[in-house]
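Place chain B on chain A using the hints.
There are 2 protein chains.
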Amino acid sequence: MSKFVQKIKKIRLKNKSLLCIGLDTDITKIPKFLLKETNPIFAFNKIIIDNTFDLVCAYKPNYAFYEAQGQMGLEALEKTKRYIPEDIPVIIDVKRGDIGNTAKMTAKFFLEDMTFDGITVNPYMGFDAVEPFLSYKDKCSFILCLTSNRGAEDFQLKDNFYLKVARKIVEWNKNGNCGLVVGATNPDGLKRIREIASSIPILIPGIGAQGGDIKQAVTYGGENIIINSSRSIIYASSSEDFGKKSREEAIKLRDEINKYREGR
Amino acid sequence: MSKFVQKIKKIRLKNKSLLCIGLDTDITKIPKFLLKETNPIFAFNKIIIDNTFDLVCAYKPNYAFYEAQGQMGLEALEKTKRYIPEDIPVIIDVKRGDIGNTAKMTAKFFLEDMTFDGITVNPYMGFDAVEPFLSYKDKCSFILCLTSNRGAEDFQLKDNFYLKVARKIVEWNKNGNCGLVVGATNPDGLKRIREIASSIPILIPGIGAQGGDIKQAVTYGGENIIINSSRSIIYASSSEDFGKKSREEAIKLRDEINKYREGR
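Line by line, the protein sequences are chains A and B.
Position one of the first sequence corresponds to residue 11 (the working numbering), numbered consecutively onward.
Position one of the second sequence corresponds to residue 11 (the working numbering), numbered consecutively onward.
Some hints could be false.
As the list makes no split between identical chains, a pair holds if one copy fits it or if it spans any two.
Dumping the calculated DSS-like pairs for lysine-lysine here, alpha-carbon to alpha-carbon at most 30 Å [unchecked claim]:
no.: 1; residue 1: Lys184; residue 2: Lys201
no.: 2; residue 1: Lys201; residue 2: Lys178
no.: 3; residue 1: Lys114; residue 2: Lys255
no.: 4; residue 1: Lys19; residue 2: Lys255
no.: 5; residue 1: Lys42; residue 2: Lys118
no.: 6; residue 1: Lys178; residue 2: Lys168
FYI, nobody ran anything at the bench for these hints, they're computed from the structure.
This is chain A alone, in the form it adopts within the complex:
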């Protein structure tokens, strides 16, 4: 069992949670009073983490939000990674895919230098673009399969292309360190992917702001899932009480997920 799998199993039990919070921290959306802080993005994340660390099985910062803020953003990301308790896996959402020598550099940067536990990867360029990530055996590479956005119809759903991707990922999972990204917005797709990839962790975005169905995500995804929610939790309030409100939202979502787990 890879270190990632061990880590997420432990924290799922400890926090009784399949919830992942997406730290997609947009400086234009955080409460205004934080803007006076040296690093407003980190100040925001710190309060979100303080209020939710006992409710989640993972955090998932989307790199684009940090990169867009230049040096301050990168510093916020580093500080956030260090601030998150060691026993909670952190998945960096970068959706990368590039030829071997480039992918190798990206994998080293995020998984080794920045010590993230998991990463999201784009499958379009095939195995040699994914392999450098998979060479990190103790990490987990979540490969995009069926995404939660409308554009999934353009290619992924054409002739069930996403199922070919799922089958390939099962082939690539020799070290047990692949994951899949499957949006909650297509429960039937999730069901079919789970039939193909029975033992691979599935990261499920599309709950909350994007309208995916939690009951079906749990019913079809099973226990080995990570349900991500970002905006509906982190922007639950824009006042001084945003930490408390994010906690309330996280509890609500965690409990709703758990209700369907028990009902299975």
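Just chain B now, kept in the frame of chain A:
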């Protein structure tokens, strides 16, 4: 005609060139004597640009190489962008694809804040992941279609999937600001894509280190192409003379491309 198209037409004529140099500057591969510079990556790029700016129709830095160096890398990228003569288009190679709000942030960062002229985009997530890039009408979004790596066989070449992608990109090209990425390693694929996308600029990597055929790239791609070479030019020498050697390699490649243009 978009600003990007005008700009590249002008410089192609001025420099008599379809050559793009990939500034994939790897700190472990640059001449050792540069490591004493405050910013070795920029120092390297500066010398490459000084020696090649009159030979190219574009430069293409791959972002992964800069990001992996943290603050120094980002600074090198900014300085490189500013140092490149204003009349030469600079394409930032990031191969991104993410849901709308994230893509919007990425597009703003690279095309507006960092003022790059073009960007590479991954099509896997479909239209709404590409649209934020296309909303920059004066820029060019080069969408991956058939890549130069071996992994292209895993999905792109299965049931000619890449042709479906090419057809979609033609649909998306309403503002005339789409481009395609097609590797030189598959001339037959390039030929078929050109039949579908007759007027869209094609960025062609895979020459040089990856072994693609220049004659076929020019024959099938036509005049509206940008042939990228990176490693074989920028690492032509690891001695003090690397600038001069990169110039010699660039002249050789530019002239070889032009020989086939004349022969068409």
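Hints, verified against the model:
1. Lys184 / Lys201: within (22 Å within a copy, 37 Å between copies)
2. Lys201 / Lys178: Answer is both: 17 Å inside a copy and 28 Å across each meet the 30 Å cutoff.
3. Lys114 / Lys255: between (40 Å within a copy, 27 Å between copies)
4. Lys19 / Lys255: within (27 Å within a copy, 55 Å between copies)
5. Lys42 / Lys118: between (36 Å within a copy, 22 Å between copies)
6. Lys178 / Lys168: Both ways: Lys178 and Lys168 sit 17 Å apart in one copy and 12 Å across, limit 30 Å.
The structure is consistent with each of the numbered hints, conforming to all of them.
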